[in-house]
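Chains as they are written, first to last, in the numbering used here: chain A, 1 to 668; chain B, 669 to 838; chain C, 839 to 937.
Don't take each hint at face value.
Coverage of chain B stretches by chain A, computed from C-beta distances (three or more under 8 angstroms per stretch; other residues unrestricted) [said to hold, decoys possible]: (1) 757-766; (2) 769-775.
To give an idea of the interface, some chain A residues facing chain B are shown, with a C-beta separation under 7 angstroms as derived from the structure [unchecked claim]: (3) Gly643; (4) Phe644; (5) Ala649; (6) Val653; (7) Ala658.
These are computed hints drawn from the structure, not numbers from a lab. Just so it is clear, the structure is predicted and the values come from calculations on it, not from any experiment. Beta carbons: idealized from backbone N, C-alpha and C, even for Gly.
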Amino acid sequence: MSATTYGWLVLAFPLAGSMITAFGWRALPGRSTGWIATGAIGLAFCASIGALVDLLDHPVEERQLTSSLYDYASASGLDIDLGILVDPLAVLMCLIVSGVSALIHLYSVAYMTSDQGFARFFSYLNFFVFSMLLLVLAGNYVLLIVGWAFVGFASYALISFWYRRTTATQAGMKAFVINVIGDIGLVLAAFLLFRELGTFDYLEVFDGASAAFSPDEGVVVAICLLLCLGAFAKSAQLPLHTWLPDAMEGPTPVSALIHAATMVTAGVYLIARSHPLFELAPTAADIAAFVGLATLLFAATVALAVVDLKRIIAYSTMSQIGYMIVGVSIGAYSAGLFHLMTHAFFKALLFMAAGSVIAAMANVQDTNRISGFRRAMPFTSALLIVGALALAAFPGTSGFFSKDEIIAYAVERGGIHIVLAVGMYVGAVLTAIYAFRIGFRVVAGPPCEEARELEWGRLPHAEPVNPATGESEDADVGFPGSEHHIAEREPVMRVPMALLGFGALFGGLIQIPGVTHVLDSFLEGSFEDSALYGIHPSTGDAWLGLAFGGLISIVGIAIAYYVWVARRGVGPRLAERFRHLHDFLFNKWYFDELFDALFYRPLIATGRFANSVVERVVVDGLVETAVGVVRGFGSIVRGAQTGFVRAYALLLVTGFAALGLYFLVVST
Amino acid sequence: MEEVAFFVGAIGAIGGAIAVIALRNPFYSVLALVVHLVALAGLFLILHAEFLAAAQVVVYAGAVMVLYVFVAAYVGGVEEPIWEPIPGQRLLAPVLAAALFAELSIAVLGTALTAFDSEGPTIQAGFGSPAAIGELLLEKFLIVFEAASLLLLVAAVGAIVLAGRKQEAS
Amino acid sequence: MDVTWYLVLSALLFAIGAGGVLIRRSPLVILLCLELMLNAGNLALIAFARAHGNEEGQVFALVVMVVAACEVVVGLGLIVAMFRRRLPLNVDDMRELRG
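With the hints as extra help, turn the sequences into a complete structure.
What follows is the structure in structure tokens.
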């Protein structure tokens, strides 16, 4: 079978899984919906491997294969077909998405047992994977936008999964609104592309772009900036980032899948895919890179201050995606995508471990209360540390190789990109610190009450409450289920965690500078038209960068050890001494309040004004006036309706006389 | 001779008509109408409409007016109030009636139809006789004849319904 | 006599009848004035019959008489019904058409 057939299969399996679970859940007993959904994604992964194998059979220059299912629209110059593009970039993304999704599905089968919305969860999750695969396999901008929108919907549905929680539904709406803002950018970019080049198809656009646009021409910069708008909304970069921390209201597997490994990387994919356009608009690329840098640093600082465990990990996601955005904006495509892959591994692992910890804590997510689980949950603690090591880019882990490859590339390109490199090293220190903030908090220190209970074999149980507001809930549909599942007791949870741990530790070995370059050579099929792809730092420079990166990672871990293990009181004392700084960071740099004042309040005020003035006075006034006029005429006419029969007879005779007069006059 | 008869009949008719609208007591108005009808019957005779003159006297003045007399006697002579609630009616009514008369007269007098300036064509004997009318009724105007009888039937039924309705508490 | 005289007389009688309908308030008298108008029409018809020389106008007048008779029957029935319900026999008191 050809690669494109495998491509269609990759799309078909999750869609089928979603539909079967959605419509047949009543007939499927127990947890079988979960197994069906996991199986569907597993099959999609196998189909991705099939596509990979077939693609490798082709020579490097011929690895961009298209296939169209049918002509979607064909009218007066508009030619859109339902077509996919199977090339190395797409296949890599498919493998990552389907692989990590399959493992998360497996984890969820155990984690979400006892939730009343079990089947709905898997239907949504499968639909999400389908949308994400559609997004990466799309062969033209229109299908990309379709996949983009579906992913946004799936994210909304899954964030608001526990729909009876107001915090969850509000978070879902927030995510959706901000995504729509990005969608606007994407759609406008597509319009501009069509106006300039007359086509939406990727290959035609990329071929025609260099001929149609001169470097840094206004139009192409506008197109790229609009694409960036879409990318930043989806990938939670400044300033469209406020939805991601709130999205942690969704179940932990959702956070692992959507808000760590896949959906938020869609922006990175978009920029990588549109690289010919970005290479024609270096201004836009630089702006994107600096936005990525700003986000990276912002998120890292906030992750040092916030207290909710999942939100720390969310800000870490935001920060790492900043790295990826920088990477693909400056031309380090394979490095950025490599980091995407390793990040998917260790971030999903971190979320899975966090899920286990939160379950052990009976849904409490406050890091000030979590401590000392190393004896109570050895497996979870070990894998949490593995994930933290990879996040902190400890030497030898996958994160080490991928993150530092981006920084080395930035150094190699020189010029203004040195600033990017310096910023990224600073971010790396902060990353190591907060990664082990999590790690040491959860694992080290005296066991908290829940950990002690667990050591005795009792899984703590508490009244279900909303972790954010403390409102009490029940365990019926729309709220989390009553049981809590930890990895130590569920082998189904341990398998994916172990696999991801393996990937987080050893995944970096495929791109050791000077030794292996699996991804580099594989992705060449997609990026051969790129001027920047061929730039490589020399092996010596690369190893220098790696050494420096490893050093600062160890420094960061040491600082974290000092603050949170050795001298335990340092943290709160620092927070006290730098009260204002701490508050600033804790309140996420007051972005939410800023948006509230800038956008929300003026809109509400406009609405009120429209209601009180425009609606009441103008519109109602107009209508009342019209009514009054008609009523006035009516009352005039009503004067003639006296009810006296003789008066009517008089009118009759008058009319007759007038008519007679008329005829007399006419006949003369 | 004919002119004298005409003027007698005309004056009788006009007098009866004015009496109908002028007399206060409805009973007297009914009687005035009877006079008017008989005068008209005379005019019909001058116009060689013998059958119709007879019908006028027998049916109209005889049967219909007797009905009126009965009802007037039953209902009683209700005097009409003096005050006129509709503004302008008392003034406009005669004015309009006069205007109507004027227009119709102008139409008749100023017509270009020359046939009206004479007595009419010479007519054979038997004009207006019952035989002639009967012949027309049963041959040319058969459907009209039947329709008229149907109408009479409907009116009779209607009268019974109207009169037979139980008196509701009023 | 010219036919014209009869026609003018008919017009005069018709006008008098119309004026009576407008002036009088008792339903009975209004019906009488209606009779006046109908008879004026009859006179005109018969005059025309004489002018044309055939009896068709007279047949028409006969049918008009029939119609008048029917109308009188129904009209008087109404007046009797009104009287029996003790409604005032005054056309001005029936103002339900007022709007």
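How the hints compare with the structure:
{"no.": "1", "hint": "757-766", "in the structure": "holds (count 5)"}
{"no.": "2", "hint": "769-775", "in the structure": "holds (count 4)"}
{"no.": "3", "hint": "Gly643", "in the structure": "violated (10 angstroms)"}
{"no.": "4", "hint": "Phe644", "in the structure": "holds (5 angstroms)"}
{"no.": "5", "hint": "Ala649", "in the structure": "violated (9 angstroms)"}
{"no.": "6", "hint": "Val653", "in the structure": "holds (5 angstroms)"}
{"no.": "7", "hint": "Ala658", "in the structure": "violated (9 angstroms)"}
In this structure, the hints that do not hold are numbers 3, 5 and 7, in rising order.
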